[in-house]
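Undergrad: Sequence order for the protein chains is A and B.
Those letters in the first sequence? Residues 1 to 225, by the numbering used here.
Those letters in the second sequence? Residues 1 to 236, by the numbering used here.
There is no bait here: all hints are sound.
Keeping only pairs whose Cα atoms sit at most 27 angstroms apart, straight-line, the calculated BS3-like set for lysine-lysine is:
id, chain 1, residue 1, chain 2, residue 2
1, A, 58, A, 31
2, A, 138, A, 180
3, A, 122, A, 175
4, B, 112, A, 221
5, A, 220, A, 120
6, A, 110, A, 57
7, B, 48, A, 109
8, A, 58, A, 110
9, A, 175, A, 187
10, B, 15, B, 61
11, A, 109, B, 115
12, B, 115, A, 58
13, A, 219, A, 57
14, A, 122, A, 219
15, A, 110, B, 60
16, B, 232, A, 109
17, A, 219, A, 45
18, B, 112, B, 223
19, A, 187, B, 60
20, B, 61, A, 110
21, A, 57, B, 232
22, B, 115, A, 45
23, A, 110, B, 112
24, A, 197, A, 187
25, A, 45, B, 112
26, B, 115, A, 57
27, A, 147, B, 60
28, A, 110, A, 147
29, B, 61, A, 109
30, A, 120, B, 115
31, A, 219, A, 180
32, A, 221, A, 57
33, A, 120, A, 180
34, A, 122, B, 232
35, A, 138, B, 60
36, A, 180, A, 122
37, A, 109, B, 223
For the record, the hints were derived by calculation from the structure and aren't laboratory data.
Quantities reported herein were computed from a predicted structural model and do not represent experimental measurements.
The primary structure of each chain is shown beneath.
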Amino acid sequence: MAPEKNSSDLVLLDFWVSPFGQRVRIALAEKSLPYEYVEEDLAGKSDRLLQSNPVHKKTPVLLHGGKPVNESLIIVQYLEEAFPDTPSLLPADPYARAQARFWADYVDKKVYDCGARLWKLKGEPQAQARAEMLEILKTLETELGDKEFFGGEHGFGFVDAAFAPFTSWFQSYEKLGEFKVAEVAPKIAAWADRVGKRESVAKSLYSPDKVYDFIGVLKKKYGIE
Amino acid sequence: MEEAAAKMPEQPAVKLIGWLSPYVHRAEVALRLKGVPYELLQDDMANKSDLLLAHNPVHKKVPVLLHGDRSIPESLVIVEYVDEAFHGPPLLPADPLARAAARFWARFVDDKLWKALWVALWTEPGEAQVALATSARESLTLLEAQLPEGKRFFGGDAIGFLDIAASGVALWLPVFEEMAGVTLLADETHPALCRWAREYAADEIVRQCTPDMTMMLAFLTPKRGMFMSTAKAMAA
Numbered sequence: 001m002a003p004e005k006n007s008s009d010l011v012l013l014d015f016w017v018s019p020f021g022q023r024v025r026i027a028l029a030e031k032s033l034p035y036e037y038v039e040e041d042l043a044g045k046s047d048r049l050l051q052s053n054p055v056h057k058k059t060p061v062l063l064h065g066g067k068p069v070n071e072s073l074i075i076v077q078y079l080e081e082a083f084p085d086t087p088s089l090l091p092a093d094p095y096a097r098a099q100a101r102f103w104a105d106y107v108d109k110k111v112y113d114c115g116a117r118l119w120k121l122k123g124e125p126q127a128q129a130r131a132e133m134l135e136i137l138k139t140l141e142t143e144l145g146d147k148e149f150f151g152g153e154h155g156f157g158f159v160d161a162a163f164a165p166f167t168s169w170f171q172s173y174e175k176l177g178e179f180k181v182a183e184v185a186p187k188i189a190a191w192a193d194r195v196g197k198r199e200s201v202a203k204s205l206y207s208p209d210k211v212y213d214f215i216g217v218l219k220k221k222y223g224i225e
Numbered sequence: 001m002e003e004a005a006a007k008m009p010e011q012p013a014v015k016l017i018g019w020l021s022p023y024v025h026r027a028e029v030a031l032r033l034k035g036v037p038y039e040l041l042q043d044d045m046a047n048k049s050d051l052l053l054a055h056n057p058v059h060k061k062v063p064v065l066l067h068g069d070r071s072i073p074e075s076l077v078i079v080e081y082v083d084e085a086f087h088g089p090p091l092l093p094a095d096p097l098a099r100a101a102a103r104f105w106a107r108f109v110d111d112k113l114w115k116a117l118w119v120a121l122w123t124e125p126g127e128a129q130v131a132l133a134t135s136a137r138e139s140l141t142l143l144e145a146q147l148p149e150g151k152r153f154f155g156g157d158a159i160g161f162l163d164i165a166a167s168g169v170a171l172w173l174p175v176f177e178e179m180a181g182v183t184l185l186a187d188e189t190h191p192a193l194c195r196w197a198r199e200y201a202a203d204e205i206v207r208q209c210t211p212d213m214t215m216m217l218a219f220l221t222p223k224r225g226m227f228m229s230t231a232k233a234m235a236a
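Chain A on its own, in the form it takes in the complex (with noise of 0.2 angstroms):
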């Protein structure tokens, strides 16, 4: 087996705001892993990330060793993979790294998708984002139940890192939905101010606030009032 690269080989070209870039930012923390953070203009695309990523020309993308990885979780799956002597996200056992998988997934497909539809749309159809909204909170609040984080016996794990950045985004969807996670998911509330307080969340969020203005700057991109 070839020998563990050195881990000061790792690039990424990431978003500041962006919560998968996010995601990987905490799961490198987590792992006390040293890495070059490199601030990519989406309006100009540096050739690096469009050579790295030819296919969605997106962040975040992770290079080890000059190799590219792309997709938030692949990339958080990968630091796993590559760095087996680190502090791990996902558990050992198979049936609750796929209950991790799951809700990971579950995560990636459903709660940035309907939070943009609630400041890109108007009347009826925001109105049925604000409804989804709801369910999908609802929804992880019953999964998590009890537990102090998603990863349950593990600790903070895949599926925390994969939400964690969400909560900086929790009062804009408040503010455009009309309503408090804390009435609605008192759970999720709880555990999001516990993982704000985490080391490897705490450096990789922006405010709460800041992320507002970064949904004003974005409705103004596409004439959205």
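Based on the hints, put chain B in the right spot on chain A.
TA: Chain B alone, transformed into the frame defined by chain A:
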């Protein structure tokens, strides 16, 4: 002696809820490649069984794998679970970069490729459909490029994770093409991918869990109208 057993201490029964779906096929192929006996519980999607709703309350979809008292939905999550929970030839490669690539392209198949194929198949004939067909063929080309040089499968000499993820392209796409009267995957444009499709379809283990395609065609034909509406919504 111990090595011959499944990795679980006991050997609880394995059941798979599902029927006539390319996603169910993925789960079946994975189980068969690993040599895991299972019972197929054919679920009629028009009348979702209480069992299905109990075990996949979130998405209410097939397949769902039942292993003892464990239930696992989502076809690719099932395939990874089967790979990890049972002995047998590995479905994912050993190297982390190769695993990441297999997962990336599997996602591409589900998120990008099938969407492109779907809108190209079911959009009404015209200029828009022609553009969508070109786009779909480009996506097929991207997938084709992942075939390792001189190898029968994406997984190399044996069927692997990406072959399983892309199995719908080999087995179901021809049925949809026939229904729609549209050709997207052809020898002239994608010789290597067509060769792969034939290899995959002809594999002895795959054949054991491939539904009869005449039956498949009869089952799917009434849904044509629904397919056209979903394609319209997707293309919007």
